[in-house]
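Student: Using the numbering used here, the final residue of the sequence shown is 1409, and nothing's skipped along the way.
In short, the hints are calculated from the structure, not lab data.
For clarity, every value in this text was computed on a predicted model and none was experimentally measured.
Glycine included, C-beta positions come from ideal geometry on N, C-alpha and C.
Careful: at least some of the hints might be erroneous.
[Unchecked claim] Restraint-style ranges between C-beta atoms, simulated for each label pair:
#, residue 1, residue 2, range
1, Phe1245, Arg1268, 19 to 29 Å
2, Leu1204, Tyr1175, 41 to 51 Å
3, Glu1328, Lys1198, 18 to 28 Å
4, Lys1283, Leu1204, 36 to 46 Å
5, Ser1139, Gln1201, 55 to 65 Å
6, Glu1299, Glu1389, 38 to 48 Å
7, Val1188, Ala1155, 23 to 33 Å
8, Phe1167, Gln1201, 45 to 55 Å
9, Tyr1142, Ile1185, 18 to 28 Å
10, Gln1202, Gly1133, 47 to 57 Å
[Unchecked claim] When the alpha-carbon atoms are kept at most 25 Å apart in a straight line, the in silico DSS-like pairs for lysine-lysine are as follows:
#, residue 1, residue 2
11, Lys1283, Lys1252
12, Lys1382, Lys1334
13, Lys1336, Lys1284
14, Lys1327, Lys1351
15, Lys1197, Lys1336
16, Lys1252, Lys1382
17, Lys1252, Lys1241
18, Lys1351, Lys1334
19, Lys1271, Lys1327
20, Lys1279, Lys1197
21, Lys1271, Lys1198
22, Lys1336, Lys1387
23, Lys1284, Lys1351
24, Lys1283, Lys1351
25, Lys1252, Lys1351
26, Lys1198, Lys1387
27, Lys1271, Lys1292
28, Lys1198, Lys1179
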Amino acid sequence: MLWFKFFKSKIPQIGVFLLMSAIYIVTFWLWHLPMMAFVNSTLFAVIIFIIYLISSYFRWKANCEAIERVVKDNEELQKKLEQQNLAEREMEDIIRVWSHQMKVPLAAIDLMTQTQVNSEELKNQVFSLENYLKILLEYQRINNLATDFRFEKVSMASLVKELVKKYSSFFIQKNLSIQIEGEWLVNSDQRWLSLAVEQLLNNAVKYTKEGGILIKIKTGELIIQDSGIGILKEDLPRLFEHGFTGYNGRIQQKSTGLGLYLSKLILDKLEFEISINSEIGNGTSVTITKE
């Protein structure tokens, strides 16, 4: 293939050589010169031309390889630039959404300072502020880190129990039941995995007004089921998109659209799969799996 491309690029030079050869033949024929001299001189010219073509081919090949490397490097740089621009746009969107969402707990705290302070509600609003801040900081880290993972054997049951303990005040305040079944020892980064699962538990608690949450664990699978308000069928395919809140998130005015996005981002890097099934009024089921 390379030789074909090379000869195609050398058509003008080959044409000139053939034309000169034709003139050479005509000259010998017209002047009735000895054919032996013609054969010897033609053979010498052909050898010289072949040597020229071979040396020219290697120079041409080296130039083509250099051009291919430049084109490949340029494509890689272009991809990196596009990724950087996308990351910058996403960060700008996240800061915009985050700053808007921070106003809700801040306004609630400000209102309590002007009226009667409800210690439990104040605690919950501060908790929300901390969670929003964590989402912003961890999102920035997960996008900038190279090899910040520390893989070890992680007890999924212990991890979930610690998160439930952290959200205990919300379970008590909303009178929600919680049930944890099974165990799964998985090789992963406990810190990042805990952050991903926390966002899922946070959503389950946030959108469940009554009933409770069932967490079923077995080797290779974690399922978080709630009896919450559920999710519109048409919203399900877009739940993990950056900044997507969905219909329920908008009417509840509690969603930044960042929690699920961050969870998916972390789980992808940890090589887990996540899926969500839900029906309006029948709760939501989130499944995390790993082979």
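Student: Work down the list of hints and note, for each, if the structure agrees.
Tutor: Tested hints:
Our hint of 19 to 29 Å for Phe1245 and Arg1268 holds, since their Cβ atoms are close to 27 Å apart. Range check, Leu1204 to Tyr1175: Cβ separation about 43 Å, and the 41 to 51 Å hint holds. Range check, Glu1328 to Lys1198: Cβ separation about 49 Å, and the 18 to 28 Å hint is violated. Checked against the hint of 36 to 46 Å, the pair Lys1283 and Leu1204 passes, with Cβ atoms roughly 37 Å apart.
For Ser1139 and Gln1201, the hinted distance range of 55 to 65 Å is satisfied, since their beta carbons lie about 56 Å from each other. Between Glu1299 and Glu1389 the Cβ separation comes to about 24 Å, which falls outside the hinted range of 38 to 48 Å. One distance hint, 23 to 33 Å for the beta-carbon pair Val1188 and Ala1155, is violated here, with the actual separation near 49 Å. Between Phe1167 and Gln1201, the C-beta spacing of about 50 Å keeps the proposed range 45 to 55 Å intact.
A C-beta distance of roughly 36 Å is found between Tyr1142 and Ile1185, which places it outside the suggested range of 18 to 28 Å. At about 49 Å, the beta-carbon gap between Gln1202 and Gly1133 stays in the expected band of 47 to 57 Å. Proposed proximity of Lys1283 and Lys1252 is supported: the alpha carbons are some 18 Å apart, at most 25 Å. With a CA separation close to 20 Å, the supplied pair Lys1382 and Lys1334 stays within the 25 Å bound.
For the hint pairing Lys1336 with Lys1284, the CA-to-CA distance comes to about 22 Å; that is within 25 Å, so the pair holds. The straight-line distance between the Cα atoms of Lys1327 and Lys1351 is roughly 20 Å, inside the 25 Å bound, and the hint therefore holds. Annotation: proposed proximity of Lys1197 to Lys1336 is violated, straight-line Cα distance about 40 Å (limit 25 Å). A hinted pair counts as satisfied when its Cα atoms are at most 25 Å apart, and Lys1252 with Lys1382 qualifies at roughly 16 Å.
Between Lys1252 and Lys1241, the direct Cα distance comes to roughly 16 Å. Compliance with the 25 Å bound is thereby established for this hinted pair. Distance check on the hinted pair: Lys1351 and Lys1334 sit about 23 Å apart at the alpha-carbon level, within 25 Å; holds. At most 25 Å may separate the alpha-carbon atoms for a hinted pair to count; Lys1271 and Lys1327 exceed this at roughly 35 Å. Between Lys1279 and Lys1197, the direct Cα distance comes to roughly 42 Å. Violation of the 25 Å bound is thereby established for this hinted pair.
Only pairs whose Cα atoms come within 25 Å are accepted, and Lys1271 paired with Lys1198 is rejected, the gap being roughly 34 Å. Between Lys1336 and Lys1387 the alpha-carbon distance is near 21 Å, which keeps this suggested pair within the 25 Å criterion. Taking the CA atoms of Lys1284 and Lys1351, the gap is about 31 Å. The hint is violated against a cut of 25 Å. Note on Lys1283 and Lys1351: the hinted pairing is violated, with a Cα-Cα distance of about 32 Å set against a maximum of 25 Å.
Taking the CA atoms of Lys1252 and Lys1351, the gap is near 30 Å; set against the 25 Å cutoff, the hint is violated. With a C-alpha separation of about 18 Å, the suggested pairing of Lys1198 with Lys1387 holds against the 25 Å cut-off. A C-alpha spacing of about 34 Å is found between Lys1271 and Lys1292, which places the hinted pair above 25 Å, so the restraint is violated. Restraint check for Lys1198 and Lys1179: the C-alpha separation of about 28 Å exceeds 25 Å, so the hint is violated.
Violation of the numbered hints given earlier is confined to hints 3, 6, 7, 9, 15, 19, 20, 21, 23, 24, 25, 27 and 28; the remaining hints are satisfied by the structure.
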